[in-house]
Each structure stands twice: as structure tokens, then as C-alpha cells.
Amino acid sequence: VSIAPAWYLGLAAVLFSTGAIGVLIRRNVLVMFMCIELMLNAANLTLVTFSRVLGDIGGQSLVFFVLVVAAAEVVVGLGIVVAIFRRRSTTTADDLHGMKG
Amino acid sequence: LFLFVIMFLGVDRREDIEREPLKGQRPLALVFVAVSLGGVLALAAASNWVTGAHKVTGSTSGGHTDTYLLGRSIFTTYLWAFEITAALLVIAVVGAVVLARRPSRVHDTGEAPGGSPGATVLEPGPAPAANEPREDDMPPDQPDGTDPTVQPAHVGTAAAGVGAVGAAGQTRPGEERAT
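As given, the protein sequences belong to chains A and B, one line each in that order.
For the first sequence, counting from 1, position 14 maps to 14 in the working numbering; every step adds exactly one.
For the second sequence, counting from 1, position 145 maps to 145 in the working numbering; every step adds exactly one.
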């Protein structure tokens, strides 16, 4: 059973919108991180779709690199979140309005 | 990893959804996302695709499997990016370890008796003029005693002002005044 590529693209658009809404209106840093991951994966889905449609392997290679960079970003970001929580005992982005210590 | 950190930080505290520091940010965000999504979908539905040349780097219809092609593409065409990615991963892991590490006890000699009580206080500290000349004898990566689970032993035995730092590390009473 072959699914039309437009469905993949539509799903990617919906996922990206969900992630964008989450980043824009949620306050918890962890939820914002997950929404960023959602947007990255939507972009990955688009890349894989076009790679399959156009018959080019470069899109899938790019997905590979995107996954690796996303993993690195999540590792560093969660480390920062844990460090902030250890000092401030909060994970809300609005409470982090000071650049001093 | 996300689940681990969520469990670690606790999800039981509820996000107060009523407090809204930026007025009108929420409906504006919804409108913005809806407009962009609708624009993209309308563009996709109304226009025809002009995508570039096919099969510029590696064709998927060459009789090989996808895995073979992906491996060959990564290790030939994108080899330099692959190596940079490996370096990036190593740097990220080392950085995460450094960030997540508990502050060590090497600051014991320089922290408590050296500076005056105001030197290690960040927010409830005195005026910046009194704080300024002591900044050079502090180590730059000083954790200023705000981790109450690691350093209560020597903080409690130190001067009274430094003990106040350990007490203020959790609640930060001078937060609103300092910012």
C-alpha cells in the first residue's frame, strides 16, 4: 500500500505547528524542549518524504545529521535545565529573567 | 532521557496557566501559527512543485538497498560532516557531564574565610562598590555555596554571613529587588 507524499507533508506540517504552539505558549522549559524536538522531527519527516519522492539519498543523510545534532542539543539543554533547577528550583521560563548568577 | 529528567525534576508542581506576564502573547501565538500553517498548506495546494534536479548525489533507484546507499553517502560524500558530527557529540557529552557534575570541594580553601560575608552573596549582597574589589580573588567558577545538599557541612562551620548564603540558596529573598 503506497501512501501519497502529500499526507506525509501534511502530517509534518501539523507536527511542526503543534511544536511551534507549544514553544510559544508553554512556560515549562522541559515542555518547550519537547516541542522543539517535535519541530525537528517534523522537518525530518519532510526531508525523508522528499528524499523518497525525488529519489535522492541526500535527504536521508541529512536526517541522520539532524538526529545527531538534536541529540547533542538535548543533552546540553537538559544539562542546563538540571543546573538551573538545582540553583533556582524552578523550570519555568518566566522565572529566569536575570542574567546574574 | 526526557522522562528521566521529568521524573528528576518532578512534574507535580502545576503550571499556573492564568498568570500571563506578556499580555496577549497566547492568542497572538495561536494566530501566528495558524496563519503560517494555513499559508504553507495553501501554497502546497495551490501551486505546482518546482523541485530541483533529481538524483544529484545518490540515486535510490540503482538496484541497491537504502541502507547501502545511505552508508555509502555518509562515508563518502558527507564524510567531513560526519567527522564534525562525531566531534560535536563528544563535546556535547563532555559539556553535559561538566554541567551535571556536582560542584566539587576544591573551593573549600578559597570560599569561606577568605572573602567577607558579602562577597559570595549574589542577590542580597551589598552595593556593587563594596563588592567590586573582591571579585578578583574569587575563582571564576565559584559555585557560591548555593547547593544546599552538598556543602552544608563546611558552610555551617564558616562565618555567619556565609551560612546565610546556604539558607538563601533555595528561596532567594532578594530576587525581586536585584532584578
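Everything labelled a hint here was simulated from the structure, so no lab data went into it.
Values in this document were obtained by computation on a predicted structure and should not be read as measured data.
Don't take each hint at face value.
If you only want the chain B side, here are some residues facing chain A, beta carbon under 10 Å, derived [claimed, not checked]: (1) 25; (2) 26; (3) 30; (4) 32; (5) 37; (6) 40; (7) 46; (8) 69; (9) 70; (10) 74; (11) 77; (12) 78; (13) 88; (14) 92; (15) 99.
Computed spacing ranges between beta-carbons, pair by pair [what the hints assert, rightly or not]: (16) 32/B / 11/A: 18 to 24 Å; (17) 52/A / 43/B: 16 to 22 Å; (18) 2/A / 40/B: 19 to 25 Å; (19) 24/A / 64/B: 20 to 26 Å; (20) 65/A / 45/B: 28 to 34 Å; (21) 41/B / 52/A: 34 to 40 Å; (22) 82/A / 90/B: 17 to 23 Å; (23) 11/A / 66/B: 32 to 38 Å; (24) 43/B / 3/A: 17 to 23 Å; (25) 48/A / 46/B: 20 to 26 Å; (26) 55/A / 34/B: 29 to 35 Å; (27) 48/A / 83/B: 21 to 27 Å; (28) 43/B / 48/A: 29 to 35 Å; (29) 18/A / 97/B: 29 to 35 Å.
Ideal Cβ positions, reconstructed from N, Cα and C, are used throughout, including at glycine.
Inset, instruction - State the violated hints by number, sorted upward, taking the hints as numbered earlier in the document. - result: 7, 19, 21, 23, 28
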